[in-house]
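Work the whole structure out from these sequences, hints included.
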Amino acid sequence: MLDSQRAKRSLVSDLLTYALLVAAILIWAFPVLWVGITSIKPRTEIFTNPPTLVFQPTLDHYREALNARGIVGSIWNSAIVTVASTVLALVLAVPAAYAFARLRFRFKRHLSFYTLFMQMAPPIGLLIPYFFAFNRLRLLDTYLGLIIIYLTFTLPFSVWIMITYFQDVPPELEEAAAVDGASRFGAFLRIVLPQVGGGVAVTAIFAFINAWTEFLYAVVLTGRDTQTATVAIFGFLGASESRWGPFTATGTMIMAPVVVVALVAQKQIVRGLSLGGVKG
Numbered sequence: 397m398l399d400s401q402r403a404k405r406s407l408v409s410d411l412l413t414y415a416l417l418v419a420a421i422l423i424w425a426f427p428v429l430w431v432g433i434t435s436i437k438p439r440t441e442i443f444t445n446p447p448t449l450v451f452q453p454t455l456d457h458y459r460e461a462l463n464a465r466g467i468v469g470s471i472w473n474s475a476i477v478t479v480a481s482t483v484l485a486l487v488l489a490v491p492a493a494y495a496f497a498r499l500r501f502r503f504k505r506h507l508s509f510y511t512l513f514m515q516m517a518p519p520i521g522l523l524i525p526y527f528f529a530f531n532r533l534r535l536l537d538t539y540l541g542l543i544i545i546y547l548t549f550t551l552p553f554s555v556w557i558m559i560t561y562f563q564d565v566p567p568e569l570e571e572a573a574a575v576d577g578a579s580r581f582g583a584f585l586r587i588v589l590p591q592v593g594g595g596v597a598v599t600a601i602f603a604f605i606n607a608w609t610e611f612l613y614a615v616v617l618t619g620r621d622t623q624t625a626t627v628a629i630f631g632f633l634g635a636s637e638s639r640w641g642p643f644t645a646t647g648t649m650i651m652a653p654v655v656v657v658a659l660v661a662q663k664q665i666v667r668g669l670s671l672g673g674v675k676g
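Quick note: the sequence shown uses this note's numbering, first residue 397, plus one each step.
Each hint should be verified, as a subset may be incorrect.
Straight line, CA to CA, 20 Å or less: simulated SDA-like cross-link-like pairs of lysine to any residue [to be verified]:
id : residue 1 : residue 2
1  : 404       : 415
2  : 404       : 414
3  : 663       : 601
4  : 663       : 652
5  : 663       : 605
6  : 404       : 416
7  : 663       : 593
8  : 663       : 653
9  : 504       : 562
10 : 504       : 515
11 : 663       : 590
12 : 504       : 516
Derived CB-CB ranges, DEER-like [claimed, not checked]:
id : residue 1 : residue 2 : range
13 : 426       : 476       : 27 to 37 Å
14 : 522       : 452       : 45 to 55 Å
15 : 523       : 663       : 31 to 41 Å
16 : 658       : 445       : 31 to 41 Å
17 : 521       : 563       : 28 to 38 Å
The hints are simulated quantities; they were obtained by calculation from the structure and are not laboratory data.
All C-beta atoms in this analysis are idealised placements derived from N, C-alpha and C, irrespective of residue type, glycine included.
Below, the structure is given as structure tokens:
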């Protein structure tokens, strides 16, 4: 009798847990699905009330979006800046995180605090100083300027993730390599770095997503030449008329790389996080 009651409680608990998970997924996915569905609706179906779920799909909004001035170029700008900032963040974050995790040096605590501060500082508070500095350096509306700005948040984030991965690698592995005659740099390349490969992949994915979806810096520090997709999409919205069809089509194209990366690399993300890349 007691076992039966425990089994019922366990079943109810499991059902409630799954119900909450499904509800959370639906709440998260609803805006994404709604944008995707709207992007393939005929123009006359977009504003029907109540909304129609059965309609003849069309790609007209995608054609209109791709033919609109600046959209293809802005997507290309986003790709250039995102890939460059992600690669640079990894190149700089991996040795920096290794130094924080393994080495003892002066001002280590101060530097680690500064890295954390850069990660936690609100972008709106840094925007005006960045604008005046970049204006004086003639870096406004340039790829280099935007890449540098993106490094201010992708690099600290990458360093803090990678520090934990390097701390999880047993120092005995490097000591054994040193006994065999390997230098510290050689042990780092041949022993330590392969151990944190999953962490590098997870860090790259998060840096890519953060850079690809960034809006605030891009809208202020770019012009027509380097405008990113997250800024260009608002060209479809106006005071007198808003073209919701191409707007949602462009939004879907912007979301697509993030969704694809997350789906393709979901095993690496879960494995990497479970290994201690991000701890509460």
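Hints violated by the structure (numbers, ascending): none
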